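Chemist: The chain contents come next:
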Amino acid sequence: MTYLVLIIGFLLLVLIGAAIYAVYQRDLLYAVIATGIISLVLTALFYILQAPDVALTEAAIGVALTTIIFIITIKNTVRFEDESDKNNQQKPKTE
Amino acid sequence: MKKTIVILLLAAFGYFLAITFLDPDFEKDRNRNGVKNVYLEKTVSELKTANTVTAIVVNFRGFDTLGEVTVLFLAASALGSILFKKRHHVGERSITLPASSIVSTGAKLLFPAIILLGVYVFVHGHLTPGGGFQGGTIIATGFLLMLISYRNFSISHNILSVIESLAGILFVVIGLMGFINGGTFLQNFMPTGTLNNLFSGGIIPIIYILVGFKVATELTGLIYTILHEKG
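Listed in order, the protein sequences are those of chains D and F.
Quick note on numbering that gives the first Met the number 0: the first sequence kicks off at 0 and runs consecutively.
Quick note on numbering that gives the first Met the number 0: the second sequence kicks off at 0 and runs consecutively.
Don't take each hint at face value.
[What the hints assert, rightly or not] Just a few of them, taken from the derived set where beta-carbon distance is under 10 Å, the chain F residues facing chain D: (1) L9; (2) A17; (3) T127; (4) P128.
Hints were generated in silico from the structure; no laboratory data involved.
Predicted model, so just to flag it, every value in this text is computed and none were measured.
Just so you know, even glycine gets a beta-carbon here, dropped at the ideal spot from N, CA and C.
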């Protein structure tokens with residue numbers, strides 16, 4: 000039981016850390032990856048808390064589909080939140 | 000100022016999450032009477048379904064599932080109608096970089112396994128965790144992998160639409176057949192078989208297979224539309 004509590008506490012810390020990182024990160028690609036990490040941790044949490052159905056849904060939708068759709072969106076728009084943030088990085092598509 | 004508010008909110012959220020999970024009182028209300036006992040008893044004795052979640056989602060609350068599938072259908076068709084005008088050139092992708100040979104070979108290797116896993120998840124929806132939605136999204140993930148790895152991998156959008164519509168119509172037809180035979184929408188009218196068999200649970204596996212097909216084709220079509228949008 001104590002092991003379980005420790006694991007859950009660690010996973011919650013990772014979850015909150017990834018969430019704060021996703022809010023603060025100006026590079027949207029990194030923020031999207033952090034969102035994917037949130038989904039991954041949530042999947043583990045759901046599994047530990049005995050909800051395997053929800054864990055499967057979260058794994059398929061949260062980790063794979065949402066992340067990829069966000070990455071495609073970033074690929075088609077701009078990568079950085081602010082123009083001043085992209086110091087000598089590759090330029091977003093202009094057309 | 001804004002960031003401080005966000006961090007405060009997150010801290011409060013994390014505090015309450017930690018309180019909830021560090022002291023779980025899951026055992027306390029076990030014996031209180033409620034609708035859950037009815038579900039737990041009826042699932043095993045009447046419906047002969049091993050997975051209670053599936054029985055609730057497909058049978059007891061089957062009408063809600065129909066609503067969810069409709070919401071998904073509406074979202075996919077709205078996206079398709081927004082992006083429809085931009086799709087002049089069929090075959091052009093918005094991601095122009097070719098995938099490396101490691102990615103494409105790995106995708107080719109993994110694709111049948113992913114499809115098999117998805118089919119397994121939704122065919123065994125009444126026996127093991129998972130079901131139509133989960134299996135469908137897993138299949139869509141497999142197609143997504145192929146679509147971003149191979150630039151000339153294409154799916155006929157018309158076939159996707161036909162499968163999707165057929166699955167939706169069959170769902171409603173099975174519901175109406177329950178209406179005719181049993182008296183309520185989605186009432187079970189088929190023999191239920193024995194518990195834990197593949198052919199058990201009456202209409203539950205059939206409906207979950209239909210939902211699996213519908214979700215898989217819908218999400219695949221959605222990804223296909225987004226990838227072929229000319230940005």
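Chemist: If a hint holds in the structure, say so; if it does not, say that too.
Modeler: Taking the hints in turn, this is what the structure says about them:
1. Taking 10 Å as the C-beta cut-off, the interface hint given for L9 of chain F holds, the closest approach to chain D being about 6 Å.
2. Here the hint on A17 of chain F is kept, as its CB sits about 6 Å from the closest CB of chain D, short of 10 Å.
3. For the restraint placing T127 of chain F at the interface with chain D, the shortest Cβ-Cβ distance is roughly 8 Å, inside the 10 Å limit, so the hint holds.
4. Satisfaction of the interface hint for P128 of chain F is found here, the shortest Cβ-Cβ separation to chain D being roughly 4 Å, below the 10 Å cut-off.
When the structure is compared with the earlier hints, no violation turns up for any of them.
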